[in-house]
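Participant: The residues making up each chain are set out below.
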Amino acid sequence: MKKKALLRAAAVVAMVCGLVWNAMAEEGVSDTEIHIGQWGPQTGPAAAWGSVARGTDAYFKMINAEGGINGRKLIHHMFDDAYNPAKTKAGVKELQEGTGMFAWVSGVGTAPGLAVRDYLMERQIPWIGPSSGSLHWIDPASKYLFPIYPLYYIEAKALVRHAVKDLGLKQVAIAYQNDDYGKNGVQGAKAELAQHGLQVVAEVPVEVKDTDMKPHVMQLRKSDADTVLLWVSPVHAVKIVGTSKAMNFTPQWMSTSTCSDFPLMMHISKGLWEGVIAATFAELPDADHPLLQKYQKDAYGKFAAKDERWGLFYYAGILFAEPLVEAIRRCGQDLTRERVVSELEGLKNFRGIGGEISYGPLDTAKAYETRQGMKEVFLVKCLKDGKAEKLSDWMAIQYP
Amino acid sequence: MLDFLQMLVSGVAVGSSYALVGLAMVIIYKTSEVPNFAQGEMALISSFFTFMLLEQCGFPYYAAFPLALLFAVLLGFFLEFTVLRRAKDPNILGMIAITIGIEMILLGLVSWKFGADPKTLPFPISPYDSIALGEVFISALEALTVGVALVIMLILFIFFRFSKLGVAMKATQQNDTAARLMGIRTNRILMFTWGVSSLVGCVAGLLISPITMQPYMMWDPLLKGFAAAVMGGMTSLPGAVLGAYLLGIIENLFGGYVSIEFKSVVAFAIIVLVLCIKPSGLFARHYVKKV
Chain V
1 MKKKALLRAA
11 AVVAMVCGLV
21 WNAMAEEGVS
31 DTEIHIGQWG
41 PQTGPAAAWG
51 SVARGTDAYF
61 KMINAEGGIN
71 GRKLIHHMFD
81 DAYNPAKTKA
91 GVKELQEGTG
101 MFAWVSGVGT
111 APGLAVRDYL
121 MERQIPWIGP
131 SSGSLHWIDP
141 ASKYLFPIYP
151 LYYIEAKALV
161 RHAVKDLGLK
171 QVAIAYQNDD
181 YGKNGVQGAK
191 AELAQHGLQV
201 VAEVPVEVKD
211 TDMKPHVMQL
221 RKSDADTVLL
231 WVSPVHAVKI
241 VGTSKAMNFT
251 PQWMSTSTCS
261 DFPLMMHISK
271 GLWEGVIAAT
281 FAELPDADHP
291 LLQKYQKDAY
301 GKFAAKDERW
311 GLFYYAGILF
321 AEPLVEAIRR
331 CGQDLTRERV
341 VSELEGLKNF
351 RGIGGEISYG
361 PLDTAKAYET
371 RQGMKEVFLV
381 KCLKDGKAEK
391 LSDWMAIQYP
Chain A
401 MLDFLQMLVS
411 GVAVGSSYAL
421 VGLAMVIIYK
431 TSEVPNFAQG
441 EMALISSFFT
451 FMLLEQCGFP
461 YYAAFPLALL
471 FAVLLGFFLE
481 FTVLRRAKDP
491 NILGMIAITI
501 GIEMILLGLV
511 SWKFGADPKT
521 LPFPISPYDS
531 IALGEVFISA
541 LEALTVGVAL
551 VIMLILFIFF
561 RFSKLGVAMK
571 ATQQNDTAAR
581 LMGIRTNRIL
591 MFTWGVSSLV
601 GCVAGLLISP
611 ITMQPYMMWD
621 PLLKGFAAAV
631 MGGMTSLPGA
641 VLGAYLLGII
651 ENLFGGYVSI
661 EFKSVVAFAI
671 IVLVLCIKPS
681 GLFARHYVKK
691 V
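Sequences listed follow chains V and A, in order.
The opening position of the first sequence corresponds to residue 1 in my numbering, with each subsequent residue numbered one higher.
The opening position of the second sequence corresponds to residue 401 in my numbering, with each subsequent residue numbered one higher.
These are computed hints drawn from the structure, not numbers from a lab.
From a predicted model like this one, the values you see are computed outputs, not experimental measurements.
Be aware that a few hints might be false.
As the list claims (entries may be wrong) - Below, in silico cross-link-like pairs of lysine to any residue (SDA-like), each with a Cα-Cα straight-line distance of 25 Å or less:
no., chain 1, residue 1, chain 2, residue 2
1, V, K87, A, G515
2, V, K93, V, I75
3, V, K209, A, A543
4, V, K270, A, M452
5, A, K519, V, N84
6, V, K89, V, D179
7, V, K190, A, E661
8, V, K222, V, V208
9, V, K245, A, G534
10, V, K209, A, D517
Let the hints inform the model, and build the full structure from the sequences given.
Facilitator: Below, the structure written as structure tokens:
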């Protein structure tokens with residue numbers, strides 16, 4: 001009898017402990033799985049950037065094929081938000097409250113990201129590597145948000161510095177998309193020019209819906225600019241360069257990482273992209289870089305869809321997920337969100353297939369140092385065959 | 401002055417592509433009183449079909465372009481025959497909803513088949529070479545577009561005015577029942593209308609695609625073409641063309657002299673104004689239906 005009571009008591013204790021253990025276990029993590037969410041436009045106007053999410057997917061599949069991380073497989077939940085912030089928010093809520101994500105990775109676009117930032121931060125869910133170089137990710141800084149993509153602001157600074165110091169060009173104009181992305185570029189360009197005692201000679205806004213670029217080019221041409229920064233979408237950039245050629249206006253064109261996928265740009269511009277200088281944040285597609293080559297062989301080679309191209313944005317999807325994977329690895333068996341945050345904060349000079357990534361314990365007064373992961377870019381020039389010539393080494397640039 | 405002239409020329413150039421889309425819409429509207437919102441996507445799929453022939457199947461230009469036009473005509477026939485004709489007791493609102501449905505299906509089809517990366521259509525002339533008229537520039541492609549738009553307008557004008565089929569199309573629009581009683585096969589007329597309209601739209605698409613092509617490329621030309629057609633009176637072919645040129649010129653002048661940020665919006669503001677003052681449009685005769 002006594003023995004039976006003892007057994008019963010033991011069973012009750014075991015059950016209670018089990019319940020408590022379950023309650024303590026982190027959302028989205030089990031002994032065998034880690035659930036990670038991501039949005040990315042597969043349809044709609046920004047679908048060309050959909051390859052980012054597909055790159056991350058192949059990367060996770062590669063890791064799983066190699067045995068996962070500390071015995072756990074990465075379960076990747078990606079959905080198509082069509083670059084529509086309302087859809088991003090609905091999709092994130094559905095996955096978070098339905099399946100339960102441990103963390104979120106990448107996510108294309110400033111506007112879609114802004115739509116869910118507060119939701120994720122209030123719930124203390126880590127979000128690593130938003131795919132845009134917006135100032136919003138560090139201003140204000142958040143404990144659970146770890147941006148990687150170098151700021152558009154520092155890309156503009158790097159390009160203007162090269163134009164003024166190395167090429168001796170002084171008349172810098174900028175055509176910018178009339179939103180956050182474009183305006184960050186204008187800010188950076190102006191800040192760098194001011195350091196050299198110069199000013200922009202023309203600022204021409206381009207609306208996303210504009211298709212005819214002649215009025216824009218006329219303004220640029222009137223300013224007598226010898227350098228024009230293009231802080232617009234790839235299609236607009238091609239139209240501006242093409243319209244300018246037709247109007248006999250041929251300054252030195254410079255552009256952001258968004259337009260640095262040279263094989264694509266060369267193709268859609270029918271060769272006009274030759275000579276354009278761009279900032280970029282990841283190794284070149286054909287670089288002699290062992291890790292990049294491994295990804296090309298084991299992630300892209302084995303898990304990419306048939307028509308997928310090994311381009312910058314595809315492997316950017318890997319780059320944006322590398323720090324999260326590293327942090328999960330460092331956590332060992334004890335995988336919690338707080339632990340991941342502290343491991344990420346401990347990352348110093350981490351280098352995958354992009355520039356160096358460092359974080360630190362959150363200090364809102366030093367948001368750039370403690371929360372902006374990558375602070376360097378390098379410059380490339382487009383050659384005739386769509387290949388890139390490296391114009392500089394990695395350049396670390398300070399903000400502001 | 402030079403700037404002003406350049407803006408005028410640029411306005412006419414961009415207006416030409418609006419004009420072609422506007423014309424395509426007017427042709428269908430003239431016979432069925434339905435604004436066809438699938439017009440842009442019909443041109444889109446024809447353009448991507450051409451892209452496939454040229455880039456993926458290696459056809460020469462002289463084969464690919466006629467095949468594309470044929471494809472466009474058949475597409476028009478097909479949509480009218482399989483979708484629109486099947487609508488039971490359609491009212492105008494229902495028909496508009498159907499065209500929007502077709503639009504979405506075609507857009508989805510193109511996105512699925514060709515992906516989202518921007519592309520460019522191989523073309524015999526470079527879209528970036530230009531012709532200089534003194535200090536004023538116009539790209540060779542734009543000059544071609546202006547020429548093509550004018551020729552198509554002329555052909556359509558002659559067709560509607562003097563050919564039997566054209567007159568039958570007009571009759572079908574004005575009184576469907578009476579036309580049928582006079583021995584006109586109105587069903588066939590409608591099918592034919594869709595074919596012709598699809599053909600004109602396809603030409604517009606082919607003249608836009610040499611710069612860049614992507615699934616959403618026809619949205620802006622469609623809206624502007626529609627706006628131009630509304631401004632011109634929706635049933636008037638010359639009206640749509642003049643409306644389109646006016647729109648192109650106003651956009652360019654406004655962008656140059658007032659504000660480049662609101663360039664695209666000003667067109668629509670003017671249309672609202674025109675419709676308030678002259679609801680039937682600038683160039684259409686105002687029909688009053690007697691009840």
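Participant: Quick one: which hint numbers does this structure break? Sort them smallest to largest.
Facilitator: No numbers; nothing is violated.
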